[in-house]
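A.B. asks: Given next are the chains, with one letter for each unit.
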Amino acid sequence: MFLEKYLPAPQDIQANAPHITNMSRRGFVATAGTFVLGVSILPACSPKTDTPTKISPAKNGMTPSMANVVTAESGPQLFIGITPDNQVSLTVHRSEMGQQAWTAVSQILADELDVDLDKVIIKQAIGHPKYGNQNTDGSTTIRNGFESMRQTGAAMRAMLIDAAASEWGVDAAALTTDMGYVVNGSKRLSYGELAEAASALPVPEAASIALKARKDWRYIGKPVASKTVPRIVRGDSLYGIDVKRPGMVYAVIAHPPVLFTKPKSINNTAALAVPGVIKTFELPAASAPAGFNPLGGIAVIASDTWAAIQGREALQVEWSESENSDYDSDDFRETLLETIRSKGEARRNRGDVYAALKSADKTISAEYYAPHLAQAPMEPPAATAEWTGDKVEIWACTQAPQGMRRTVAAACGIPEDDVTINVTWLGGGFGRKSKPDFGVEAALISRDIGKPVKVTWTREDDLKHGYAHSVSAQRFEAGMDANGKPTAFLHRTAFPPIGSTFTAGNNRPGNGEMEMGAVDNPFNIPNIRVESGQASAKIRIGWLRSVANVYHAFAVQSFAAEMAHAAGKDQKDYLLELIGAPRIEEPAKDGAVISNYGKSLDDYPLDTARLANVTKQAAKLARWGRTLPDGHGLGIATHRSFLSYVSTVIEVKVDADGTITIPGIWSVIDAGTVVNPRHVTTQLEGGTLYGISNAMFGQLTAKNGQIQQANFPDWRVMRMLESPRAMQVKIIESDAPPGGVGEPGTPPAAPALANAIFAATGQRIRQLPILGMNNQLAI
Amino acid sequence: MAITLKINGKSETVTAAEGTPLLWVLRDHIGLTGTKFGCGVAQCGACTVHVDGAPIRSCITAHEDVEGSDIVTIEGLSGKAANVIRAAWEAIDVPQCGYCQSGQIMSAAALINENPNPSDQDIDDAMSGNICRCATYLRIRSAIKDAAKAI
Ligand code: FES
Ligand code: FES
Chain A
4 MFLEKYLPAP QDIQANAPHI TNMSRRGFVA TAGTFVLGVS ILPACSPKTD
54 TPTKISPAKN GMTPSMANVV TAESGPQLFI GITPDNQVSL TVHRSEMGQQ
104 AWTAVSQILA DELDVDLDKV IIKQAIGHPK YGNQNTDGST TIRNGFESMR
154 QTGAAMRAML IDAAASEWGV DAAALTTDMG YVVNGSKRLS YGELAEAASA
204 LPVPEAASIA LKARKDWRYI GKPVASKTVP RIVRGDSLYG IDVKRPGMVY
254 AVIAHPPVLF TKPKSINNTA ALAVPGVIKT FELPAASAPA GFNPLGGIAV
304 IASDTWAAIQ GREALQVEWS ESENSDYDSD DFRETLLETI RSKGEARRNR
354 GDVYAALKSA DKTISAEYYA PHLAQAPMEP PAATAEWTGD KVEIWACTQA
404 PQGMRRTVAA ACGIPEDDVT INVTWLGGGF GRKSKPDFGV EAALISRDIG
454 KPVKVTWTRE DDLKHGYAHS VSAQRFEAGM DANGKPTAFL HRTAFPPIGS
504 TFTAGNNRPG NGEMEMGAVD NPFNIPNIRV ESGQASAKIR IGWLRSVANV
554 YHAFAVQSFA AEMAHAAGKD QKDYLLELIG APRIEEPAKD GAVISNYGKS
604 LDDYPLDTAR LANVTKQAAK LARWGRTLPD GHGLGIATHR SFLSYVSTVI
654 EVKVDADGTI TIPGIWSVID AGTVVNPRHV TTQLEGGTLY GISNAMFGQL
704 TAKNGQIQQA NFPDWRVMRM LESPRAMQVK IIESDAPPGG VGEPGTPPAA
754 PALANAIFAA TGQRIRQLPI LGMNNQLAI
Chain B
12 MAITLKINGK SETVTAAEGT PLLWVLRDHI GLTGTKFGCG VAQCGACTVH
62 VDGAPIRSCI TAHEDVEGSD IVTIEGLSGK AANVIRAAWE AIDVPQCGYC
112 QSGQIMSAAA LINENPNPSD QDIDDAMSGN ICRCATYLRI RSAIKDAAKA
162 I
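One line per chain: the protein sequences are A and B, in this order.
Numbering-wise (our numbering), the first sequence opens with residue 4 and increments by one.
Numbering-wise (our numbering), the second sequence opens with residue 12 and increments by one.
Keep in mind the hints are simulated off the structure, nothing from the lab.
Owing to the predicted nature of the structure, the values given are computational and were not obtained by experimental measurement.
Built from N, CA and C at the ideal position, the CB exists for glycine as well.
One or more of the hints may lead you astray.
The calculated label-pair distances, taken between Cβ atoms and stated as ranges, are [what the hints assert, rightly or not]:
1. Asn-527(A) <-> Ile-162(B): 51 to 59 Å
2. Asn-126(B) <-> Glu-316(A): 33 to 41 Å
3. Asn-126(B) <-> Arg-586(A): 54 to 62 Å
4. Ala-73(B) <-> Asp-658(A): 37 to 45 Å
5. Ser-539(A) <-> Ala-53(B): 32 to 40 Å
6. Ser-539(A) <-> Gly-20(B): 56 to 64 Å
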């Protein structure tokens with residue numbers, strides 16, 4: 004939902020209410036007898052109002068009112084098909100990038116439909132508004148699709164039963180189903196045999212669709228094996244970078260070294276002399292706001308990728324300067340620190356922090372800094388485009404195929420209907436592949452050369468010319484009474500907002516970013532004030548796994564440990580004291596703008612009981628308080644993001660020379676109802692280690708407007724050697740509606756690590772990354 | 012210049028510019044895209060293939076230098092080590108996005124072939140050239156140990 008604030012098209016900004024419609028009756032039958040049901044997610048209120056549609060919580064705590072399920076003439080979001088030969092197919096509208104969307108969605112469907120999960124065939128949807136919102140980010144696939152998928156499966160099952168009832172001339176109520184069959188005593192009809200008859204029936208009244216009881220779930224909530232892994236281990240997978248079209252040529256692009264600079268002169272003689280290079284092509288230059296558009300530059304087109312890379316090396320270009328040529332990240336750090344040293348714009352205010360600080364028995368303050376980061380998915384951006392007449396077809400590893408479709412159409416001056424976006428698997432996304440610029444590049448180059456073209460971003464392109472995670476500085480001041488009880492909490496944050504990418508000159512931290520770990524602070528302190536400072540961007544700013552939660556949770560949870568230390572209390576005990584008694588925290592009452600990740604606060608309140616619970620459980624799992632060997636330390640951090648609650652304990656061992664190793668991690672997640680505990684566990688592992696990797700090594704720096712890091716030698720990421728030795732994950736059993744899973748593991752990782760380092764060494768980490776290139780803590 | 016390479020037991024004749032890395036010959040010329048590009052500078056291991064049984068980084072190996080050698084890619088990886096590795100990978104769902112996993116499996120299979128009982132240190136040494144941005148390291152480590160037990 005976060006992303007949607009920045010998308011140009013209001014039609015995506017929709018509240019979610021499931022609608023089921025029988026697509027067979029609307030001419031969606033692809034082959035005779037195929038029975039297709041669609042679920043659509045329609046705007047149920049004006050996008051402008053910003054009020055999420057209320058899906059009433061059901062008596063059992065999770066099933067929304069069936070009154071919201073109506074048949075409607077609407078674009079289908081997900082399709083289920085059953086053919087006469089009993090094949091069940093499912094079209095997944097979200098991108099698969101390792102978060103196991105394919106598996107989870109098919110588990111839900113197969114359960115309610117009552118079919119054998121192994122018989123479900125998954126198809127990836129193209130990018131089209133008829134599928135509703137396809138943006139695969141914000142950890143939304145399950146939390147926005149869970150109920151609608153269940154209802155679709157259940158509705159289809161009911162229709163198959165009705166078809167069998169007519170066939171046998173019996174009452175539908177007497178029939179049941181058994182893994183792909185409708186059963187009447189000893190008589191059985193397969194779904195395939197019933198598909199055609201069922202497809203002629205109306206979708207049953209919403210109220211009559213019975214969902215399975217939780218205790219009867221066969222697949223939901225079970226650790227079902229991945230649908231993609233068997234293919235991956237055999238090299239039988241198709242990522243964006245793997246696409247090949249007949250007659251295809253290959254391109255890489257010499258992107259402008261500084262944002263919004265243009266070529267002043269181009270000498271391509273040496274480039275054209277490289278064997279295999281076919282031509283060079285100048286892309287239109289970009290101007291502010293950057294948006295989703297390509298950066299411009301010069302494409303080198305060749306008979307293979309290597310020749311294109313060599314041609315780019317040989318290309319001689321003199322570049323202009325731009326208003327961004329003076330960007331120096333060291334200077335900018337000082338600018339940000341200056342900003343947070345004076346009063347900012349109040350974004351949440353409870354009580355009177357400044358007065359309470361004055362009257363406090365004890366005050367402490369601290370400043371934190373976190374640098375730009377690159378998402379650096381293992382597969383760099385890549386897209387293939389092919390024109391047929393005035394229409395273009397694109398294959399790309401995209402998290403946002405509709406955004407790519409719109410941007411390609413606009414850039415090429417053609418109607419959106421003439422753009423087809425095929426979504427491949429993604430070799431990681433982490434937010435980078437929500438931006439469609441690389442698909443547009445492929446379309447423009449292919450149109451110029453009149454052949455299918457694959458554009459590959461090299462790692463250098465990915466690091467130097469991407470959409471960086473924002474740099475940030477934060478300042479805290481806390482007051483406490485003589486017993487160390489907190490009385491005042493001031494949090495100032497300054498960072499160039501993501502909004503700067505979409506509105507030239509936007510320098511005000513966005514509401515969505517402020518709600519990620521700043522204004523949604525859950526602490527039970529009578530005086531709380533959150534302020535933001537303005538900051539201008541000089542490079543493209545984008546979102547990265549868990550977005551502003553990364554730097555906010557790092558700073559807030561580190562400072563909470565600093566407060567504990569100042570109060571002379573155990574870090575975990577003090578954190579629990581800060582979280583306070585079980586209650587629903589309502590930052591909006593203190594003037595905070597809260598969208599709650601697009602979900603209603605009734606269904607997904609900020610529940611401090613759940614925060615405290617994961618904290619206690621993580622401490623228990625880690626055996627908090629045990630005696631540790633010399634040089635070891637335990638740190639804890641707890642954070643709610645994407646409507647899930649995670650607490651993580653990290654144990655570090657710091658050697659005399661500053662080498663850090665991580666013997667163990669214990670992490671507890673309360674994500675409400677979970678579809679696949681195995682994959683919740685793998686996402687928590689991956690999300691946590693992603694956070695640790697970025698905290699230990701991650702930084703993009705800039706000089707003269709240019710990003711200095713080029714490839715893995717200077718953009719360091721965690722390797723096996725540095726990987727934690729063990730990690731234990733616990734998932735809280737819960738009937739609550741599903742929260743996000745792909746991102747919430749990341750925010751607590753960095754502060755838990757920093758707090759552990761403090762426990763081990765007494766050294767407080769206030770600036771990231773933690774380690775230098777020599778892989779050691781400076782002590 | 013036309014060069015004949017032996018890949019996954021088959022002869023493939025390719026014409027690519029001299030110095031073209033094996034990675035791009037595999038991917039762009041032969042169409043074996045299981046071998047991945049991640050960095051191009053021998054830093055990530057995504058491009059790992061076996062040449063005469065040893066894991067090498069195909070992104071920095073000129074294709075003409077491996078003429079006459081036995082080249083095995085993820086698509087052709089077979090044998091006992093390959094089987095136990097794949098089974099161990101599947102049993103605990105090691106891959107997330109999967110993009111690095113061809114390289115991980117090629118490195119792990121070479122390790123198991125060489126050393127059927129690897130220690131943590133051996134795993135660190137053999138696998139630290141393979142980056143996984145999804146950070147599946149915990150599961151890679153346990154799957155290698157499971158595979159070692161099975162072999
Ligand atoms: S692509 Fe060869 S090591 Fe990275
Ligand atoms: S599984 Fe995604 S990079 Fe390793």
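A.B. asks: Each of the hints needs a verdict: does it hold here or not?
C.D. replies: Checked hints:
Hint check: Asn-527(A) to Ile-162(B), Cβ distance near 55 Å, so the stated range 51 to 59 Å holds. In this structure, Asn-126(B) and Glu-316(A) meet the distance hint of 33 to 41 Å, their C-beta atoms being roughly 39 Å apart. A C-beta distance of roughly 56 Å is found between Asn-126(B) and Arg-586(A), which places it inside the suggested range of 54 to 62 Å. A beta carbon spacing of about 41 Å between Ala-73(B) and Asp-658(A) agrees with the range 37 to 45 Å that was offered as a hint.
The beta-carbon spacing between Ser-539(A) and Ala-53(B), approximately 38 Å, falls within the hinted interval of 32 to 40 Å. Remark: the range hint 56 to 64 Å for Ser-539(A) to Gly-20(B) is upheld by a beta-carbon distance near 59 Å.
The structure is consistent with each of the numbered hints, conforming to all of them.
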